[in-house]
Amino acid sequence: KLAEKVNKGSVLEIFDVAIETIRYRSTGREVTTKYAKKIQKIRTCFTLTANQIADAGVKTAYMQLIDQNGVLILGNKKFNTLLSDSSVLCTHATEFQYENIELTHCFEWERVQALSPGEYFLNLIIEGQVLAQNKLQLR
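Each residue of the sequence shown is one higher than the last, beginning at 26 in our numbering.
Do not take every clue at face value.
Pairs of lysine-lysine residues, derived as DSS-like cross-links and limited to a Cα-Cα distance of at most 25 Å, are as follows [unchecked claim]: (1) Lys62 x Lys84; (2) Lys102 x Lys63; (3) Lys160 x Lys66; (4) Lys84 x Lys63; (5) Lys66 x Lys102; (6) Lys103 x Lys160; (7) Lys66 x Lys84; (8) Lys103 x Lys62; (9) Lys160 x Lys63; (10) Lys102 x Lys160; (11) Lys102 x Lys62; (12) Lys84 x Lys59; (13) Lys160 x Lys62; (14) Lys66 x Lys103; (15) Lys160 x Lys59.
Per label pair, the in silico range of CB-to-CB distance [as the list claims (entries may be wrong)]: (16) Ile126 x Ser51: 19 to 27 Å; (17) Lys66 x Asn105: 17 to 25 Å; (18) Ile78 x Val56: 20 to 28 Å.
Calculated from the structure, these hints are not laboratory results.
Ideal Cβ positions, reconstructed from N, Cα and C, are used throughout, including at glycine.
Sequences are here, hints too, so could you generate the full structure?
Here is the structure:
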(Lines of atoms letter the chains of each structure in order from A; the text may use other names.)
(Lines give C-alpha, C1' and ligand atoms only; values in the text may rest on other atoms or scores of the structure.)
Protein backbone atom coordinates (compact mmCIF):
# COMPACT_ATOMS: atom_id res chain seq x y z
CA LYS A 26 0.00 0.00 0.00
CA LEU A 27 2.87 2.36 0.77
CA ALA A 28 4.47 1.67 -2.63
CA GLU A 29 1.15 2.53 -4.31
CA LYS A 30 0.99 5.86 -2.46
CA VAL A 31 4.60 6.64 -3.38
CA ASN A 32 3.86 5.85 -7.06
CA LYS A 33 0.86 8.20 -7.04
CA GLY A 34 2.84 10.90 -5.24
CA SER A 35 5.79 10.69 -7.62
CA VAL A 36 3.70 11.66 -10.68
CA LEU A 37 4.75 15.00 -12.16
CA GLU A 38 2.12 17.69 -12.62
CA ILE A 39 1.99 20.42 -15.26
CA PHE A 40 0.31 23.78 -14.95
CA ASP A 41 0.40 27.07 -16.82
CA VAL A 42 0.67 25.71 -20.39
CA ALA A 43 1.18 28.49 -22.94
CA ILE A 44 1.02 27.86 -26.69
CA GLU A 45 2.09 30.40 -29.31
CA THR A 46 1.51 29.96 -33.02
CA ILE A 47 4.23 31.86 -34.86
CA ARG A 48 5.01 33.04 -38.37
CA TYR A 49 8.03 34.90 -39.71
CA ARG A 50 7.75 38.31 -41.29
CA SER A 51 9.83 39.10 -44.38
CA THR A 52 12.31 40.84 -42.04
CA GLY A 53 12.73 37.56 -40.14
CA ARG A 54 10.93 38.87 -37.06
CA GLU A 55 8.59 36.43 -35.29
CA VAL A 56 4.92 37.37 -34.81
CA THR A 57 2.03 35.37 -33.45
CA THR A 58 -0.80 34.37 -35.78
CA LYS A 59 -4.09 32.49 -35.61
CA TYR A 60 -4.15 31.72 -39.33
CA ALA A 61 -3.36 28.05 -39.90
CA LYS A 62 -1.73 28.46 -43.32
CA LYS A 63 0.66 31.13 -42.02
CA ILE A 64 1.90 29.21 -38.98
CA GLN A 65 5.54 28.21 -39.33
CA LYS A 66 6.20 27.00 -35.80
CA ILE A 67 4.47 26.32 -32.50
CA ARG A 68 6.16 27.36 -29.27
CA THR A 69 4.94 25.54 -26.16
CA CYS A 70 5.89 26.46 -22.60
CA PHE A 71 4.82 24.63 -19.47
CA THR A 72 5.62 24.65 -15.77
CA LEU A 73 6.21 21.50 -13.74
CA THR A 74 5.36 21.60 -10.05
CA ALA A 75 7.95 20.88 -7.39
CA ASN A 76 7.77 17.22 -6.31
CA GLN A 77 10.22 15.83 -3.75
CA ILE A 78 9.05 12.22 -4.29
CA ALA A 79 9.60 12.15 -8.07
CA ASP A 80 12.94 10.99 -9.44
CA ALA A 81 15.23 13.86 -10.44
CA GLY A 82 17.12 13.69 -13.72
CA VAL A 83 16.67 14.08 -17.45
CA LYS A 84 13.03 13.80 -18.50
CA THR A 85 11.50 13.72 -21.97
CA ALA A 86 8.30 15.56 -22.83
CA TYR A 87 6.44 14.34 -25.92
CA MET A 88 4.00 16.51 -27.82
CA GLN A 89 1.11 15.24 -29.91
CA LEU A 90 -0.60 17.68 -32.28
CA ILE A 91 -3.89 16.16 -33.43
CA ASP A 92 -6.25 17.72 -35.96
CA GLN A 93 -10.03 17.83 -35.69
CA ASN A 94 -10.31 14.51 -37.56
CA GLY A 95 -8.10 12.74 -35.02
CA VAL A 96 -5.07 12.61 -37.34
CA LEU A 97 -1.65 13.09 -35.75
CA ILE A 98 0.40 15.86 -37.40
CA LEU A 99 3.98 14.71 -37.92
CA GLY A 100 7.17 16.69 -38.55
CA ASN A 101 10.54 15.67 -39.99
CA LYS A 102 11.07 12.94 -37.39
CA LYS A 103 8.81 10.33 -35.83
CA PHE A 104 8.85 9.97 -32.07
CA ASN A 105 7.46 7.03 -30.10
CA THR A 106 6.61 6.78 -26.41
CA LEU A 107 4.67 4.47 -24.15
CA LEU A 108 1.21 5.52 -23.04
CA SER A 109 -0.79 3.09 -20.88
CA ASP A 110 1.52 0.21 -21.88
CA SER A 111 1.09 0.79 -25.62
CA SER A 112 3.37 2.61 -28.05
CA VAL A 113 2.06 5.86 -29.52
CA LEU A 114 3.47 8.18 -32.19
CA CYS A 115 4.23 11.77 -31.26
CA THR A 116 4.79 14.98 -33.18
CA HIS A 117 7.82 16.20 -31.23
CA ALA A 118 9.99 15.37 -28.23
CA THR A 119 12.17 17.53 -25.97
CA GLU A 120 14.44 16.73 -23.05
CA PHE A 121 14.89 18.78 -19.88
CA GLN A 122 16.65 18.44 -16.53
CA TYR A 123 14.22 18.06 -13.61
CA GLU A 124 15.63 18.71 -10.13
CA ASN A 125 12.49 18.28 -7.98
CA ILE A 126 11.85 22.02 -7.97
CA GLU A 127 9.36 24.07 -9.96
CA LEU A 128 10.60 24.30 -13.54
CA THR A 129 9.42 26.15 -16.64
CA HIS A 130 10.41 24.58 -19.95
CA CYS A 131 9.79 25.82 -23.50
CA PHE A 132 10.28 24.12 -26.85
CA GLU A 133 9.49 24.82 -30.49
CA TRP A 134 8.17 22.60 -33.26
CA GLU A 135 8.48 23.66 -36.91
CA ARG A 136 5.82 22.42 -39.27
CA VAL A 137 6.63 20.63 -42.51
CA GLN A 138 3.31 21.02 -44.30
CA ALA A 139 0.89 23.93 -43.98
CA LEU A 140 -1.83 23.40 -41.39
CA SER A 141 -5.52 23.60 -42.29
CA PRO A 142 -8.02 25.83 -40.50
CA GLY A 143 -9.92 24.15 -37.68
CA GLU A 144 -9.56 22.79 -34.18
CA TYR A 145 -6.34 21.12 -32.99
CA PHE A 146 -5.57 19.29 -29.78
CA LEU A 147 -2.13 19.43 -28.18
CA ASN A 148 -1.20 16.71 -25.67
CA LEU A 149 1.90 16.75 -23.49
CA ILE A 150 3.09 13.29 -22.39
CA ILE A 151 5.73 12.81 -19.70
CA GLU A 152 6.68 9.46 -18.16
CA GLY A 153 3.91 7.60 -19.98
CA GLN A 154 1.07 9.87 -18.86
CA VAL A 155 -0.82 12.68 -20.59
CA LEU A 156 -0.16 15.55 -18.20
CA ALA A 157 -1.74 18.35 -20.24
CA GLN A 158 -4.32 18.67 -23.00
CA ASN A 159 -4.98 21.96 -24.76
CA LYS A 160 -7.19 23.01 -27.63
CA LEU A 161 -6.12 25.38 -30.44
CA GLN A 162 -8.62 27.05 -32.73
CA LEU A 163 -7.03 28.15 -36.00
CA ARG A 164 -8.64 30.16 -38.79
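**Prompt:** Has the given pair, Lys84 with Lys63, been kept, meaning a C-alpha gap of at most 25 Å?
**Reply:** 32 Å, violated
**Request:** Assess, step by step, whether the Cα of Lys66 is no farther than 25 Å from the Cα of Lys103, and give holds or violated.
**Result:** Given that 25 Å is the threshold and the Cα spacing comes to 17 Å, the pair holds.
**Message:** Checking one constraint from the list: CA of Lys66 to CA of Lys102, max 25 Å. Satisfied?
**Reply:** 15 Å, holds
**Item:** Straight-line alpha-carbon gap Lys160 to Lys66, limit 25 Å
**Value:** Since the Cα atoms of Lys160 and Lys66 sit roughly 16 Å apart, the hinted pair holds (cutoff 25 Å).
**Message:** Next pair to validate is Lys84 with Lys59; report whether the Cα-Cα distance is within 25 Å.
**Reply:** 31 Å, violated
**Prompt:** Taking the CB of Lys66 and the CB of Asn105, does the distance hold inside 17 to 25 Å?
**Reply:** Holds: the Cβ-Cβ distance is about 22 Å, inside 17 to 25 Å.
**Asked** Taken at face value, is the distance from the CA of Lys62 to the CA of Lys160 at most 25 Å?
**Response** 17 Å, holds
**Asked** Are Lys102 and Lys160 close enough, with their CA atoms no more than 25 Å apart?
**Response** 23 Å, holds
**Item:** Holds or violated: Lys102 to Lys62, with C-alpha atoms at most 25 Å apart
**Value:** 21 Å, holds
**Message:** Hinted pair, alpha-carbon criterion (25 Å max): Lys62, Lys84. Please report holds or violated.
**Reply:** 32 Å, violated
**Asked** Going straight from one Cα to the other, do Lys102 and Lys63 come out at no more than 25 Å?
**Response** 21 Å, holds
**Message:** Check whether the Cα positions of Lys66 and Lys84 lie no farther apart than 25 Å.
**Reply:** 23 Å, holds
Checked against the numbered hints listed earlier, the structure breaks hints 1, 4, 12, 16 and 18; every other hint is satisfied.
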